[in-house]
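Participant: As a plain string of letters, each chain reads:
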Amino acid sequence: MVWKVTKSILIVLALVFFLLPIYWIVATSFKQWPDIFAIPPKFTFRGTFVHYLTLFNIRPEEAAKFGQVGKSLFPPRFLNSIVIAGVSTALSVALGTFSAYAFSRFRVRGENDLLFFILSTRMLPPVVVGIPFFVVYRALGLIDTHIGLILLYMTFNLSFSVWLMKGFIDEIPKEFEEAALVDGYTRFEAFFKVVLPQALSGIAATAVFCLIAAWNEFFFALILTSERARTAPPSIAAIQGTSGINWGQIAAGVTVFLLPVVVFTFLVRKYLARGLTFGVIKR
Amino acid sequence: MKDGAKLYRKEISEYRMKLLFIGPTILVLIVMNIFPLLWSLGLSFTNYSSLVSRKISFVGFANYAKVLSDPLIWRYFQITARLVVVAVGVEFLLGFGLALLLKERFKGWGLVTTLMLIPMMLSPVVVGLFWTFIMDANFGLLNFLLSLFGLRRVLWLTDPKIALYSIALVDIWMWTPFVMLISLTGLLAIPQSLYEAADIDMASFWFKFRRITLPLVSPLLILAVLFRVIDAFKMFDLVFIMTGGGPGDVTETISMSLYRLAFNKFKTGESCAMAYIILILIIALSNLLIRWIQRTRA
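Quick mapping for you: the protein sequence lines, in order, are chains A and B.
The first sequence finishes on residue 283 if you use the working numbering, and the numbering steps up by one all the way, no holes.
The second sequence finishes on residue 298 if you use the working numbering, and the numbering steps up by one all the way, no holes.
Derived from the structure by calculation, the hints contain no laboratory data.
Where hints are given, some of them may not hold.
[What the hints assert, rightly or not] Subject to a maximum C-alpha distance of 20 Å in a straight line, what follows is the list of computed EDC-like cross-link-like pairs (lysine to aspartate or glutamate):
| no. | chain 1 | residue 1 | chain 2 | residue 2 |
| --- | --- | --- | --- | --- |
| 1 | A | Lys270 | B | Glu104 |
| 2 | B | Lys18 | A | Glu61 |
| 3 | A | Lys4 | B | Glu104 |
| 4 | B | Lys18 | A | Glu111 |
| 5 | A | Lys270 | A | Asp170 |
What you are looking at is a predicted structure, and each value in this text was computed from that prediction instead of being measured.
Chain A with its partners taken away, still in its complex shape (with noise of 0.2 Å):
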């Protein structure tokens, strides 16, 4: 009895140990301005939507009582977050997904080897990459295009996607497609019509996984972008005011910027360890 109450109460403080710093910048996002700086730190408060409106260039003008100097650029950002995560989603999964399906199902030469290799291009530091990458677009004309953080991101997450989807496609009968072959589809046919839609939460997961890789993403956005095509996290870094940093605001863009992780955390929830471990945990 005594081990159960001291359990549950070490459940509740770690709950709010990882909890209350989340739910402690969601909240400032909707505090008036002194608030956000009150001593001692305020936990009931009239809420206000002006930090959204701003951040939205809905009502511009109340921005500059922050300190802001013009529009504020997130929109624009948030935009190129979307469409850039989006796309080399699109590009790395179904590559990895093919990928997968070989590696699965045929006998390749040199296997083991191919896989880690694939795996190790993943465990390189962003930093040390990030220089030849840097050297390398600034040759080609690739700095601040939304191609080139896109072909860099389908890149990083491909070594992922291949990994994961050979673990689900693995999970995939072999029966299933040979009674297709039986029945006269090739092997492509077999493999779009008969493993593709069984594959189908595995190559959601998957696309999940690296949707949140993409969007997280900072460095490489940080050097490889300046205007046009940068993304969301570095400007969130970047906003301030002339009266020191505009906290509110900030808040408020990352509450936005958030939302969608965690709304996708609870959609891939049986799959995190899997995800998070390359597919070498199953369950």
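Start from chain A and add chain B according to the hints.
Facilitator: Below, chain B without anything else, positioned relative to chain A:
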């Protein structure tokens, strides 16, 4: 004879399909990974700078000698190592402890565990940003909570003795859930019958823990720790946004100093050499992980 021809055709089509399905992936990885790496290997032997246009000249191993003989680099390696050991150590203990607490299901178990996993899904730079707000010395939430317990306020990010551990704290907040998740997966996979058999033998709690629980989850625990060590070793986003390496250079991790060398000082050739030195270390670490993955899969 007919069958032979059919088989032959089938093999041809399989071969074409393999090429078509795997080829693009390998091509992308070679063009996008191997090619830039080779390019920077070349640059690491030159005095190239992406800022100034001058005649590029070959300098041999001078860049490598310069990086390796710089005492500051070793200091930054040490700082990184301290960060990794503290952060991953605490993550391991807390994460495994939490998993033990959450082993038995209760009402709302699914919701509680999923809520706890949110931090690790968030963008590190955004996490660093709002923790900077929480750690503000004056109006920050953290100092307010300390004051409730009668503790003095702490200069989380500006005190040179504390800044590194503040970053470790945020890493712990983010990644303890990861260790918890992996440990929990391991714990839930242990067959209940083992414990029942031990109960019949009147085995003590400690005995069960040491003889059943630990040996069966340890492969996954090691996997989790390896993943974390490699990731934490690359630590950049949190440091960049929270302290920028300061105060002074007490939080200058190796990734941070490489970034500075390449993108503030624009010593591109030298930074390529340093990148290669780090790369070799990471490859050694990753090989350890990859071998472990192969063993766990088997």
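Participant: If a hint holds in the structure, say so; if it doesn't, say that too.
Facilitator: Structure-based check of all given hints:
1. About 17 Å separates the Cα atoms of A/Lys270 and B/Glu104, which keeps this hinted pair within 20 Å; it holds.
2. Distance hint between B/Lys18 and A/Glu61 is unfulfilled; the C-alpha atoms sit about 59 Å from each other, more than 20 Å.
3. This hinted pair checks out: A/Lys4 and B/Glu104 have alpha carbons roughly 11 Å apart, not beyond 20 Å.
4. Using a Cα cut-off of 20 Å, the hinted pair B/Lys18 and A/Glu111 holds, with the two alpha carbons roughly 12 Å apart.
5. Distance restraint check for A/Lys270 and A/Asp170: the Cα-Cα separation of roughly 18 Å lies within the 20 Å cut-off, and the hinted pair is therefore satisfied.
Hint check: a violation occurs at hint 2 only; the rest are consistent with the structure.
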